[in-house]
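Participant: For reference, the chains in residue letters:
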Amino acid sequence: MRRRFAAALTPYALIFPGGLWIAIFFVVPIVAMLSLSTMSGNLLTGFQQTFTFSNYADVLSLYHEQFIRSIIYGVIATVAVIAISYPMAYWISLYGGARKPTYLFLLLLPFFVTFVLRTLSWQFLLSDQGLLLGPLHNAGIVPSSFHILATSFAVISGLVYYSVPFMVLPIYVALERINREVLEAASDLYANKVQTFLKVVLPLSLPGVFAGVLLTFVPVTSDYISAQILGGTGQVMIGNVIETLYIQNSDYPQAAALSFVLMFALLLGIFAYARALGTEDVLEVSAA
Amino acid sequence: MSATTGSVTPEVGIPPGTGTTAAISLVGVAKEYTSRRGDSVRAVDGIDLTIGQGEFFSMLGPSGCGKTTTLRMIGGFEEATEGHVLLYGEDVTNTPPNRRDVNMVFQSYALFPHMDVFANVAFGLRRAKVSKHEITDRVKESLALVELSGMDKRKPSQLSGGQQQRVALARALVNRPRALLLDEPLGALDLKLRQTMQIELKRIQREVGITFVYVTHDQGEALTMSDRVAVMNGGRIEQLGTPKAIYERPATRFTAGFIGTSNIIEGTVERMDGNLAVLSVPGEGRAMVPIEAPHNGHIELTVRPEKISLCAEPPADGCALPGTVTEVVYLGTSTNYTVTTADGTEMVAFVQNDASARVDLDRGDRTWLCWRPEHGYALGGSGQVGSEGAS
Chain A
1 MRRRFAAALT
11 PYALIFPGGL
21 WIAIFFVVPI
31 VAMLSLSTMS
41 GNLLTGFQQT
51 FTFSNYADVL
61 SLYHEQFIRS
71 IIYGVIATVA
81 VIAISYPMAY
91 WISLYGGARK
101 PTYLFLLLLP
111 FFVTFVLRTL
121 SWQFLLSDQG
131 LLLGPLHNAG
141 IVPSSFHILA
151 TSFAVISGLV
161 YYSVPFMVLP
171 IYVALERINR
181 EVLEAASDLY
191 ANKVQTFLKV
201 VLPLSLPGVF
211 AGVLLTFVPV
221 TSDYISAQIL
231 GGTGQVMIGN
241 VIETLYIQNS
251 DYPQAAALSF
261 VLMFALLLGI
271 FAYARALGTE
281 DVLEVSAA
Chain B
1 MSATTGSVTP
11 EVGIPPGTGT
21 TAAISLVGVA
31 KEYTSRRGDS
41 VRAVDGIDLT
51 IGQGEFFSML
61 GPSGCGKTTT
71 LRMIGGFEEA
81 TEGHVLLYGE
91 DVTNTPPNRR
101 DVNMVFQSYA
111 LFPHMDVFAN
121 VAFGLRRAKV
131 SKHEITDRVK
141 ESLALVELSG
151 MDKRKPSQLS
161 GGQQQRVALA
171 RALVNRPRAL
181 LLDEPLGALD
191 LKLRQTMQIE
201 LKRIQREVGI
211 TFVYVTHDQG
221 EALTMSDRVA
231 VMNGGRIEQL
241 GTPKAIYERP
251 ATRFTAGFIG
261 TSNIIEGTVE
271 RMDGNLAVLS
281 VPGEGRAMVP
291 IEAPHNGHIE
301 LTVRPEKISL
311 CAEPPADGCA
321 LPGTVTEVVY
331 LGTSTNYTVT
341 TADGTEMVAF
351 VQNDASARVD
361 LDRGDRTWLC
371 WRPEHGYALG
381 GSGQVGSEGA
391 S
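Line by line, the protein sequences give chains A and B.
Residue numbering for the first sequence follows this note's numbering, beginning at 1 and increasing consecutively.
Residue numbering for the second sequence follows this note's numbering, beginning at 1 and increasing consecutively.
If you are wondering where the hints come from, they were derived from the structure by calculation, not from laboratory data.
Where is the CB? At the ideal position from N, CA and C, for every residue including glycine.
Errors might be hidden in some of the hints.
Mimicking DSSO-like on lysine-lysine, the simulated pairs with C-alpha atoms at most 27 Å apart in a straight line are [what the hints assert, rightly or not]:
1. K155(B) - K140(B)
2. K192(B) - K129(B)
3. K153(B) - K132(B)
4. K132(B) - K193(A)
5. K155(B) - K132(B)
6. K193(A) - K155(B)
7. K155(B) - K129(B)
8. K153(B) - K129(B)
9. K193(A) - K129(B)
Distance windows between CB atoms, simulated [claimed, not checked]:
10. V79(A) - T196(B): 47 to 55 Å
11. V41(B) - F105(A): 29 to 37 Å
12. G38(B) - Y95(A): 17 to 25 Å
13. L214(A) - R37(B): 39 to 47 Å
14. L198(A) - E147(B): 30 to 38 Å
15. R37(B) - V79(A): 38 to 46 Å
16. Y95(A) - T196(B): 27 to 35 Å
17. L268(A) - D39(B): 54 to 62 Å
18. P101(A) - H133(B): 47 to 55 Å
19. N192(A) - R37(B): 31 to 39 Å
Not everything, but these chain A residues come out facing chain B in the computed CB check (under 8 Å) [to be verified]:
20. S61
21. S157
22. E181
23. E184
24. A185
25. S187
26. D188
27. L189
28. Y190
29. A191
30. V200
31. V201
32. P203
33. L204
34. T233
Excised from the complex, chain B in its bound form (with noise of 0.2 Å):
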């Protein structure tokens, strides 16, 4: 996109709170692959990205949005076809991965099956022509980091799915890198353990201090250990900002759609009320949101279904659309309530089943859909501002 020559100076500022250097930067990144036929295909399409130190960093989207790609050019195991990946400020877009100072845990754990855990963690060491004394110690500690001391003799085979990925993990953290890439290390792992590894993970960050860039298609993974996330989709990044800013104020339909579940409201702003669009909404409902500037046009209104309450009358203000309820799912601490609205669209509300819940309904039941307006939120592209990545 950008700094197609010249000098490389990066766009987008480091985050606070996140260290003040930048680990890795990325400038205009593309890769665009041609296909036998000729065809082209941008995978990764113009990417802008500051990562600071000792951040741990996600990138999250569905398969075939880039996210790979970029890690993948980011260890330099893909060459970007436009624009610089820098480390440290270092231009390395045309740097092989022997020579670049990250380290990657593959999706495979790709452990290196001919040898034992600790020849398998000692191999960076052994190619860095460390000290054999060194290199002992330094293994060992490593391999207490992720607990598993006294597994050095074990060859790969003969370890769990969940110790490989840890014998992955201080494989490449022994070399002490300046980032560590993560290609969704948990994807092969049991529901369980993967959340059992999240926490693991998140922990190891802290102690190393080492910046993480983690890539995955599940959002949960990414809200639970992220300090920033990008979302991707299409080879760019539909939003970057903290688990909090972009789960509570996506900038995209398709980020409110990707990361949970949302209810999406579209309206035409009748009046401004404050600082509250007041929209058009069809039967006796009310629907408000806040917005930044005035506005007159159509609105996107999104709340989250942990937002919405459901009540018999409509409450004196808030928002409230009335509905019938057309499905309930029972899931013991929540039950999931989907209500249909007068204009047919299905909304999801997640009521809590804790001491004072007062709801249940059958389907069938007429309600009342009610929210704070705080709790809604306008897409991006329909007046909110101060949301990056928004189109």
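Chain A on its own, in the form it takes in the complex (with noise of 0.2 Å):
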């Protein structure tokens, strides 16, 4: 009897400090982000709980342009990120033979260097007088008129570097796991490489893209940092908006209350996503 007791309490015993950890650091921080971004008055005055929708109100219409920059800039990085990871994971995968493991460590060997460090490192490549720009502007190849630090591209691009390994391992896994008597199959079914590719490859991987684009687009789509360190006034992304409210504003109601529509936004976004391209579907599609 004591030993059935103790094998019904082990699953929840399992689950205990996991749980523990997300409810405190969590859920009740969100839950008082979510009561922040309804009060109002100021850091002189204190705020008081007014249960004001004021705030969302507001910083939709003082913020909009920098929220649909946030998501463009998000969609066009994640489609350049699995333009840039499927090839590599599938050359990994189907070609990198017993040394597999090397390149995938070479592929998390900038993790090694924080985010910031590395961002910065592009802003001293990028930078007008910098190693990229610098010759090419001081022999007249480019006008001098001509930069790349401060413009989409640059904060797109260091949105994209940032995110391929996210992308590459999950593609990649989806790619492992495929039999590769299957690929066999399919050229001993007259398919040749490229419809191999299509009819068989590319379906059985959407699963790794899936998880892919979930590991990418809601990173990228709410990062402050590239936009920051890599763009100018043009640039400025919704995270970096928060980030002014709450660090120099400190305008907390507000800046809760933006945090608020923009998770509401993603988790919109990937639940859209999820029931247009979930897995199930995204396999029945390709079938035919």
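Each chain sits in its own coordinate frame; assemble them with the hints.
Facilitator: Right, here's the structure in full:
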């Protein structure tokens, strides 16, 4: 009887530490922030809970431009990351041979350097007198009005650079899971290499792409480091706005409200994406 | 081996009774792998083989004997490092699988997990640009052949192992290939299902009349289904023949040991008695074996356990060896006796427990192992001719 009780308790014992962690550091702050977002007042007079939704209306009217820009950057960056990462994962999985672990390690190597430092090195590389543009400007190959830094291109490039490993890894795992005899079967059934890829490899690896998009789109859309270091005034993203509101303006209610708007927008987008291209459906569609 | 340049003429004749056209010919085919350290391993070491149209041909051998590599070279998944692969006389040695008119049933079935049964079976026809209407008809017909009608909307994951196996078979057969290659297709099934599928496979092969090349390590499977069997070992063909010939007249010690249980008695020819070589054996036993040409050297005599009876007294003629029962295994319809002879050779005899059963021995009992001389067989290299592949 005691043993059965202990056995029934085991699953809860396993989930308890992680559950507690999430409860303390995720659920509690979220509720606190939610409460903060409906307060009014300022830092000097103090914030009072007034259950007002004016913060939400205010941030939407004030910052919709940065909001839309973030979504657009997020979509462009995610698409670019897929375009870069898929061939990479494909090559490692199908042609990596015995060196696969080495390639994966190289892929993760940049993680050993902090993201801020890596992005700063991009600034160093891309600035008007930097390693790339400096010689080109001096030699007159490109006009002095040509910049890379403080452009959308620079910011999106930074986002893409940061996200590639998060896309490569899930796609790689999905490709690894494909039984190699299935590829031989496609070839046996008269499919050439392109057809084998389109009809068999790609559909079977889409769950990996799906996971990669989840891991990429959300952090990229709410990122603020890339825009801060590589962007200018015209590249401000919603993450930068939240940071400014919170750290510099100390307008906690607005910052909280904006965070929630962003969170719901992302959740909505991901939900719509999952509904449209859920793993099961992805496979159904591509089988035809 | 032979025919490395110039014309490629198969050297092994087409066996009688298996059609008139050679469906598949292997001429001096070898496959050498080079490891990363630079060592080379010959997985297939020079094979000459002709498989007739409509034949059920098996390659049988232990793992690592080269049977799967040979099959994969016929399918185009491995390229031969030497020799030629011919399909209906056409050299396809360097043709990729998608342009070879053969289809394969893979060991893991290799069904497309994201497609339903219909799409799996239709895959080859769609690539071959067969009309939609014809695809529907042929897929239905093919699924009926493997008794899976009405399953076309199921996903592979919703099917049992045996059903997946049938889909794999239908998916290959629907293309009406010139030969069907099967790589241990029944390996993952349980015994009962395997036996059912063996009979099914044979029925299907008779119905469609397509050449089957079947790879297995299971001698029972090979003997049950095949028109001919190639016993392989160390990348070479040890023996090629009908199941009966291979079982009853094994050419080598390897074949004798690999196919069924064999008793092997070694001895020297003492004298010839007609076409019988009389062997010198220790003790008061007698052992004779028919050989075709007089011979006076060392001989390995093999005799199958079911041909041996256990007698209380040595019979007036025929072979007889005295021994002591060292093991008794009761199997219901039969009993397996292990009898150790005077020189320590362990011999096995299967005694049927039928109506006339008279033998009832225990461990330690003295008995005589008796068999007709014509049931014995001298292994290849020791006199007998007419065994292909004997070394």
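Participant: Which numbered conditions among the earlier hints are violated in the structure presented, ordered from lowest to highest?
Facilitator: Of the numbered hints given earlier, those the structure breaks are 2, 16, 20, 21, 31, 34, listed in rising order.
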